[in-house]
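The sequence shown runs 3 to 365 under the working numbering.
Just so you know, these hints were derived from the structure itself, not from any lab. There could be a bad hint or two in this list.
What the hints assert, rightly or not - With a straight-line cut-off of 30 Å between C-alpha atoms, the simulated DSS-like cross-links for lysine-lysine are:
| id | residue 1 | residue 2 |
| --- | --- | --- |
| 1 | Lys-266 | Lys-175 |
| 2 | Lys-200 | Lys-100 |
| 3 | Lys-185 | Lys-175 |
| 4 | Lys-169 | Lys-281 |
| 5 | Lys-162 | Lys-100 |
| 6 | Lys-210 | Lys-263 |
| 7 | Lys-281 | Lys-271 |
To be verified - Ranges between beta-carbon positions, derived for each pair:
| id | residue 1 | residue 2 | range |
| --- | --- | --- | --- |
| 8 | Arg-223 | Lys-327 | 23 to 31 Å |
| 9 | Pro-141 | Glu-249 | 40 to 48 Å |
| 10 | Gly-347 | Ser-130 | 23 to 31 Å |
| 11 | Gly-206 | Lys-281 | 20 to 28 Å |
| 12 | His-342 | Arg-167 | 43 to 51 Å |
Keep in mind the model is a prediction, meaning the values are calculated, not measured. Glycine included, each C-beta is placed from N, C-alpha and C at the ideal position.
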Amino acid sequence: MVRVIMIVCAAVIGMQWCMISFLLARLHRESMLSQITQYPENFNSKVIEQSKETSQGKLLSPSPVPQDMRGNHALHHTDNRIKQYEGVAVTLMLNSPKWFQRRYTTMIQNILNNTPETWAVQIFYVPSGQSQLGLDLNPGISRMDKRIIMTEIPSNIAQKYGMKRKKGYWTNKWMWETMVANKVLVFSGNGAICSNSKLSLLDGTAMKIFSQFDYIGPPWRNLGGEGGDGAISYRNRTAMLDAINYEESNGQDSEDYYFIKTLKDMNKKHGKTYRIASKEQTYLVGIEKNNFDETQGPPMIISGTLSSINHDTRNTILELCPELKVIFPSLHNPSCFGAHPDAKGCADSICALKDQFAHPHGC
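Just need the whole structure built from these sequences, with the hints factored in.
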């Protein structure tokens with residue numbers, strides 16, 4: 003083998019230079035072997051330090067989240083070596099009340115349970131104030147799947163929108179450009195993905211539906227029912243960026259209303275063909291008052307408190323989709339159940355029945 007290499011080398015750069023290069027390479031190899039033999043501990047420590055530099059500096063940048071949440075999952079969004087994902091589930095953690103933030107861990111786990119390994123879960127946050135508090139309350143997130151990507155929102159964007167104008171962030175170009183895949187599942191703590199649905203991202207049945215649209219969410223009452231509720235919805239990132247580039251949000255409309263309205267406007271005025279779910283098509287993934295059929299199973303996306311559905315139907319849905327119970331208060335007081343429930347004691351434990359000053363931030 004060495005002879006073949008020498009012949010090729012001589013043909014290319016000449017025998018004299020080829021011999022010199024070969025001897026230098028051999029001397030370098032012998033020197034390295036000597037170092038390993040004489041000082042194996044020092045050599046290994048150098049390799050370890052180089053490995054640390056790679057995992058903590060360039061490939062996996064230090065995350066600005068709390069110390070106990072810093073890990074291999076905390077990828078820096080600007081690193082061009084982040085693996086290519088088939089899709090990404092995205093959420094925004096900002097200035098939510100503490101009672102809402104307590105559901106973060108379960109909210110994230112619900113998405114992880116219902117998305118394949120080829121999908122990332124990307125969390126946008128601000129490392130201060132109520133946004134940081136929400137992460138501090140949920141150390142369980144740091145022990146979850148390595149698919150989680152923590153993405154810090156730049157200070158100039160946080161200063162522009164503050165901590166309460168979520169719609170400003172969702173309609174910001176930087177946020178959509180920073181998402182790590184073109185297939186986007188927007189999610190929040192206002193609903194859940196039902197594992198017992200006949201549609202699932204895990205087996206590809208949901209993508210057969212989603213791939214037909216640039217925007218589809220569960221039924222809602224705005225815009226004649228077109229598009230669907232954006233709290234948990236599937237979006238095409240390119241289409242969202244096209245909408246932002248076409249016309250910026252006025253800052254007054256909700257972000258889902260803005261995107262659907264803008265895409266419709268682009269279709270009508272400029273002959274575009276963005277695929278927006280019709281009112282009837284939103285029933286493919288969600289539920290409304292009169293379209294629940296237990297024999298067909300629960301819908302994939304359940305958003306909100308199902309206030310328009312009667313008590314018995316809502317109870318059936320909750321039993322079929324227990325994931326949704328995380329956003330419903332549990333009657334955990336012993337007075338509310340068992341062989342001998344106490345009506346007064348149970349009533350006294352229910353937040354909504356107490357004086358409004360006892361729960362100024364909601365129940």
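Here's how the hints hold up against the structure:
Distance restraint check for Lys-266 and Lys-175: the Cα-Cα separation of roughly 19 Å lies within the 30 Å cut-off, and the hinted pair is therefore satisfied. Simply put, Lys-200 and Lys-100 have alpha-carbon atoms about 34 Å apart, too far for the 30 Å limit, and the pair is violated. Distance restraint check for Lys-185 and Lys-175: the Cα-Cα separation of roughly 16 Å lies within the 30 Å cut-off, and the hinted pair is therefore satisfied. Restraint check for Lys-169 and Lys-281: satisfied, since their Cα atoms lie roughly 23 Å apart, inside the 30 Å limit.
Proposed proximity of Lys-162 and Lys-100 is supported: the alpha carbons are some 24 Å apart, at most 30 Å. Taken as a hint, the Lys-210 and Lys-263 pair is honoured in the structure, with Cα atoms around 25 Å apart against an allowance of 30 Å. Using a Cα cut-off of 30 Å, the hinted pair Lys-281 and Lys-271 holds, with the two alpha carbons roughly 22 Å apart. Hint check: Arg-223 to Lys-327, Cβ distance near 25 Å, so the stated range 23 to 31 Å holds.
In this structure, Pro-141 and Glu-249 meet the distance hint of 40 to 48 Å, their C-beta atoms being roughly 41 Å apart. At roughly 42 Å, the beta carbons of Gly-347 and Ser-130 sit outside the given window of 23 to 31 Å. Hint check: Gly-206 to Lys-281, Cβ distance near 26 Å, so the stated range 20 to 28 Å holds. Between His-342 and Arg-167 the C-beta distance comes to about 50 Å, which sits within the given range of 43 to 51 Å.
Checked against the numbered hints above, the structure violates hints 2 and 10; every other hint is satisfied.
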